[in-house]
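Enquirer: Protein chains in written order, with the numbering used here: chain A, 197 to 836; chain B, -4 to 272.
Don't read these hints as lab results, they were simulated from the structure.
Positions of the beta carbon are idealized from the N, C-alpha and C atoms, including for glycine.
It is possible that part of the hints are untrue.
[Claimed, not checked] Capping the alpha-carbon separation at 25 Å, the derived lysine-lysine pairs in BS3-like fashion look like this:
# : chain 1 : residue 1 : chain 2 : residue 2
1 : A       : Lys536    : A       : Lys518
2 : A       : Lys518    : A       : Lys836
3 : A       : Lys536    : A       : Lys723
4 : A       : Lys571    : B       : Lys264
5 : A       : Lys571    : B       : Lys166
6 : A       : Lys300    : A       : Lys571
7 : A       : Lys285    : B       : Lys166
8 : A       : Lys229    : A       : Lys218
9 : A       : Lys300    : A       : Lys836
[To be verified] One-sided and incomplete, this derived list gives chain B residues near chain A with beta-carbon spacing under 8 Å:
#  : residue
10 : Asp49
11 : Glu69
12 : Pro70
13 : Ile81
14 : Thr137
15 : Leu204
16 : Gln209
17 : Gln211
18 : Arg214
This is what each chain is made of:
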Amino acid sequence: MIGSLDARLPGGPVEDAWTDHKFSLRLVNPNNKRRFTVIVVGTGLAGASAAASLGELGYRVKAFTYHDSPRRAHSIAAQGGINAAKNYKNDGDSVFRLFYDTVKGGDYRSREANVYRLAETSVAIIDQCVAAGVPFAREYGGLLDNRSFGGAQVSRTFYARGQTGQQLLLGAYSSLMRQVSAGTVDLHTRAEMLDLVVAEGRTAGIVVRDLLTGEVTAHAADAVMLATGGYSNVYYLSTNAMMCNVTAAWRAHRRGALFANPCYTQIHPTCIPAGDDFQSKLTLMSESLRNDGRIWVPRAFDDARAPADISEAERDYYLEEKYASFGNLVPRDVASRNAKAVVDAGRGVGPLRNGVYLDFSDVLARDGADVVRAKYGNLFDMYERITGEDPYRAPMRIYPAVHYTMGGLWVDYNLMSNVPGLFVAGEANFSDHGANRLGASALMQGLADGYFVVPYTVGDYLAGRLGQAGPGTDHPAFGAAVSELNEQIARWTAAKGSRTVDWFHRELGRIVWDHCGMSRNAAGLAKALAEIPALREEFHADVCVPGSAATLNQSLEKAARVDDFFELAELLARDALEREESCGGHFREEHQDAEGEARRDDERFAHVAAWEWAGTGAEPIRHREELEFNTVTPTTRSYK
Amino acid sequence: MNPPKTSAAAPEAPERHPTGAAGTLNLRLRVWRQDGPGDAGRFETYEATGISPDASFLEMLDVLNERLTLEGREPIAFESDCREGICGTCGLMINGRAHGPQKGTATCQLHMRQFSDGDLITIEPWRAGAFEVIRDLAVDRTPLDRIIAAGGYISVNTGAAPDANLVPVPKEASDTAFDAAACIGCGACVAACPNSAAQLFTAAKVQHLNLLPQGQPERWGRTEAMVETMEQFFGSCTNHGECSEACPKEISIDFIAWTNRDYVRAKLKNRKLAGQR
Ligand SMILES: Cc1cc2nc3c(=O)[nH]c(=O)nc-3n(C[C@H](O)[C@H](O)[C@H](O)COP(=O)(O)OP(=O)(O)OC[C@H]3O[C@@H](n4cnc5c(N)ncnc54)[C@H](O)[C@@H]3O)c2cc1C
Ligand code: SF4
Ligand code: FES
Chain A
197 MIGSLDARLP GGPVEDAWTD HKFSLRLVNP NNKRRFTVIV VGTGLAGASA AASLGELGYR
257 VKAFTYHDSP RRAHSIAAQG GINAAKNYKN DGDSVFRLFY DTVKGGDYRS REANVYRLAE
317 TSVAIIDQCV AAGVPFAREY GGLLDNRSFG GAQVSRTFYA RGQTGQQLLL GAYSSLMRQV
377 SAGTVDLHTR AEMLDLVVAE GRTAGIVVRD LLTGEVTAHA ADAVMLATGG YSNVYYLSTN
437 AMMCNVTAAW RAHRRGALFA NPCYTQIHPT CIPAGDDFQS KLTLMSESLR NDGRIWVPRA
497 FDDARAPADI SEAERDYYLE EKYASFGNLV PRDVASRNAK AVVDAGRGVG PLRNGVYLDF
557 SDVLARDGAD VVRAKYGNLF DMYERITGED PYRAPMRIYP AVHYTMGGLW VDYNLMSNVP
617 GLFVAGEANF SDHGANRLGA SALMQGLADG YFVVPYTVGD YLAGRLGQAG PGTDHPAFGA
677 AVSELNEQIA RWTAAKGSRT VDWFHRELGR IVWDHCGMSR NAAGLAKALA EIPALREEFH
737 ADVCVPGSAA TLNQSLEKAA RVDDFFELAE LLARDALERE ESCGGHFREE HQDAEGEARR
797 DDERFAHVAA WEWAGTGAEP IRHREELEFN TVTPTTRSYK
Chain B
-4 MNPPKTSAAA PEAPERHPTG AAGTLNLRLR VWRQDGPGDA GRFETYEATG ISPDASFLEM
56 LDVLNERLTL EGREPIAFES DCREGICGTC GLMINGRAHG PQKGTATCQL HMRQFSDGDL
116 ITIEPWRAGA FEVIRDLAVD RTPLDRIIAA GGYISVNTGA APDANLVPVP KEASDTAFDA
176 AACIGCGACV AACPNSAAQL FTAAKVQHLN LLPQGQPERW GRTEAMVETM EQFFGSCTNH
236 GECSEACPKE ISIDFIAWTN RDYVRAKLKN RKLAGQR
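So that you can see chain A by itself, here it is in the shape it has in the complex (with noise of 0.2 Å):
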């Protein structure tokens, strides 16, 4: 059982919390580093840096990823840019305005402590991320570029072209690579993490089968990282890559990890709506182009004619008409809900009538082409590519879509979860982003945690484990769950029924995006909560995974993915349906008022949902984190 949740939050002024904290953090000196073991799953932004910057310290790092090389983690595919307060721009930004807009923006429901520290290591990211090599955009005298992004009023974002994330991720990987060489990181790739060994109390390894050869061998180590990324491909159709998925995080669950705020699940607003039953992801258009893009339907319903046939008066810029003071560029929740009211009213675009228009006529012809073409040149392409439809020419057509998942494993401010020795980090952890996440602040957080936070608070819990030789792999712990696994992968090749693993996926998807997606009811949830256990039901003794476990096969690895997605679909629902409030992410239709605008409800719901499992077909257990206001006071978002 587990007692109060204790977030280990340093005291005092959130300004010298975490100088402070840092002071505080015992040290392991070099000559014992090399005898801790710690093990990294993942190796996208979080997990890279983190795996890098251990290796760097001393430490014997065993990094895994089931990608054949680090450099292909979800985190390549972010388009847009990264946050930090340089305030280069001069126009007023500061670490206090970051940490200000990032708990505003998350809606009031994110740590003060833990989102001031992702302030204050912004500025370092940036500094770490130039001298790996990271080519961000520059101005013509030879210095860093800025753009606003995402609703911020201030220039913040630094970006590299319409691929930020694989320049960062490049960086990363290439300090990884460097370790790697060098020794310190014994890096194991196309190795997937299946379960976590927990032994006498705290975190012992974890087991991983080989993708190529399906092998399932144990690791142990001292301390475990997870940074496995987010869980949005619940909902099958999604911006995230298609293999990005929740095992390593939801099997830790069942080992004990408490899972915070699953409802909190993102919706980008930007994506290209999606075609027909053969759809297999979901395609994001960078939100930078709500810089100069304008957002409209016409005004008429079910409006048949080409966009160039609709007049000016016929048009309505609904975020426009409706927020004044921030316009095209609400942050991405109220923007998402503003395009589903008006889909759902009958005014969509489209031949499924599912889009609504992003329009840069106004910016084409102020600026001409070209440089509207250096801006967005490949976001432009891509469009086209997808659509063969030319946004030169014609408005682009734009839906949300689910892109990114605040909920995660819950964690203290060291980045530990209630399991001692277990860490985890970037999107895979619920920490910084409350219940909303603001643009551009993914792959900042990512990186401070990866480069900043968890090579310290690593450090200090080995501190704490000096001369005490953890349970290595011949501990009977181990062997269960080896051949816990055994068992199960067994039981998944001997699966011959007449359905695939993506027709359950494509189901499962459609119950979680109909009742758990842009806005939520009590009806509907309860509808999927008795929805997704029949079909896991169904998927248990219908599925049909084809092919031998000893060798690559995809149908099998996800099989297991999909098990464990139907499992986290559930608490999801049962999050949105315990908290009775409208906050960010998280829209309950019961708690909205007259003009349809979210109702927080802070007297009840002003803490962290984190969710104790209990064993299959138990009902979870709810613990709560209360959250704490002493520097920024809660108020109503207002956008307009």
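Go by the hints and put chain B with the ligands onto chain A.
Expert: Showing chain B with the ligands alone in chain A's frame:
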């Protein structure tokens, strides 16, 4: 010895199929199937019917795979992740061309509107001595990581960096470095090269760092180590230029020339430095 780049060219006159319903495509696919690295492999032919022109190439294969699974056959193994042309995971030889017919486009971004009803499409894995076939269309590209581990980094430990604006970088240098850094590590250049060299990949990686002020201190050591590691695993570059043609990011072949030049200078300098030691 490298295996032939494509094991068989597509037959000359593909048989025409009846036109699909409502603008959909009916296609015949010749797909390379191979059970594992040790297996000899073979082509198998499949019908892909009722494919929407709006589907992507990989979605077309998804549809086929679902059908194969339901028929009790093993689906075709192929790899993809981002499906946005940025992670470099996908990569197929389509009718003998790396990433297929559309220029500057990764396999995952290729859409079926590039094909016509009745087409016969031959699909093979990347073929190169350094890329072992794992299964069907999936290959092992880890030798590319070895090239990076040899020197594709700037040695700066976490925390040791000066302020990011301390060193201005001329915009042209930064932009050119970026053009090189846009490489997604897909390996199409290797698959397209008659010698199976990874010269375009290596050059892109070398020049990304060599063009930046931050990359100067290690420039010569990096160049030598990366080029030589490339040659250890892959064939040698003889300037055919097929690589750049196939590259989904249209990485310029100029980077190869610059890298060759840097390599010659590196050899001289490194020899001199070694003599001083
Ligand atoms: C299209 C798109 C655009 C985005 N644009 C932006 C942006 O402009 N700015 C911004 O700030 N954020 C953006 N984001 C969000 C941001 O990219 C992600 O939140 C962030 O990159 C996540 O990084 P990560 O390191 O936590 O996880 P990931 O990059 O997802 O990495 C996860 C790693 O874990 C490994 N892994 C997972 N499970 C296992 C397992 N069981 N065993 C072994 N390995 C495992 C994977 O192989 C991978 O290496 C965007 C997201 C998307 C989808
Ligand atoms: S140079 Fe081009 S073809 Fe070669 S790996 Fe890079 S992106 Fe792929
Ligand atoms: S799947 Fe990522 S580049 Fe094609």
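Enquirer: Look at each hint and say if it fits the structure.
Expert: Structure-based check of each hint:
1. With a C-alpha separation of about 15 Å, the suggested pairing of lysine 536 of chain A with lysine 518 of chain A holds against the 25 Å cut-off.
2. This hinted pair checks out: lysine 518 of chain A and lysine 836 of chain A have alpha carbons roughly 7 Å apart, not beyond 25 Å.
3. The suggested pairing of lysine 536 of chain A with lysine 723 of chain A holds, with an alpha-carbon distance near 21 Å, which does not exceed 25 Å.
4. Only pairs whose Cα atoms come within 25 Å are accepted, and lysine 571 of chain A paired with lysine 264 of chain B is rejected, the gap being roughly 40 Å.
5. With a C-alpha separation of about 15 Å, the suggested pairing of lysine 571 of chain A with lysine 166 of chain B holds against the 25 Å cut-off.
6. Taking the CA atoms of lysine 300 of chain A and lysine 571 of chain A, the gap is about 29 Å. The hint is violated against a cut of 25 Å.
7. Only pairs whose Cα atoms come within 25 Å are accepted, and lysine 285 of chain A paired with lysine 166 of chain B is accepted, the gap being roughly 18 Å.
8. Taking the CA atoms of lysine 229 of chain A and lysine 218 of chain A, the gap is about 18 Å. The hint holds against a cut of 25 Å.
9. Distance hint between lysine 300 of chain A and lysine 836 of chain A is fulfilled; the C-alpha atoms sit about 15 Å from each other, no more than 25 Å.
10. Because the smallest distance between the Cβ of aspartate 49 of chain B and any Cβ of chain A comes to about 5 Å, under 8 Å, the interface hint for this residue holds.
11. Annotation: glutamate 69 of chain B was flagged as interfacial toward chain A, and the flag holds, the nearest CB pair being 5 Å apart, inside 8 Å.
12. With its C-beta approaching chain A no nearer than about 6 Å, proline 70 of chain B sits inside the 8 Å limit, and its interface hint holds.
13. With a cut of 8 Å, the hint placing isoleucine 81 of chain B at the interface with chain A holds, because the nearest CB-to-CB distance is about 5 Å.
14. The criterion of a C-beta within 8 Å of any C-beta in chain A is met by threonine 137 of chain B, whose closest approach is roughly 7 Å, and the hint holds.
15. With its C-beta approaching chain A no nearer than about 5 Å, leucine 204 of chain B sits inside the 8 Å limit, and its interface hint holds.
16. Using the Cβ-Cβ criterion of 8 Å, the hint placing glutamine 209 of chain B at the interface with chain A is satisfied: the shortest such distance is roughly 5 Å.
17. The interface hint given for glutamine 211 of chain B is broken, as the beta carbon of that residue sits about 11 Å from the closest beta carbon of chain A, more than 8 Å.
18. A cut of 8 Å between beta carbons decides the hint on arginine 214 of chain B: the least distance to chain A is about 12 Å, and the hint is violated.
Hint compliance for this structure: hints 4, 6, 17, 18 are not met, and every other hint is.
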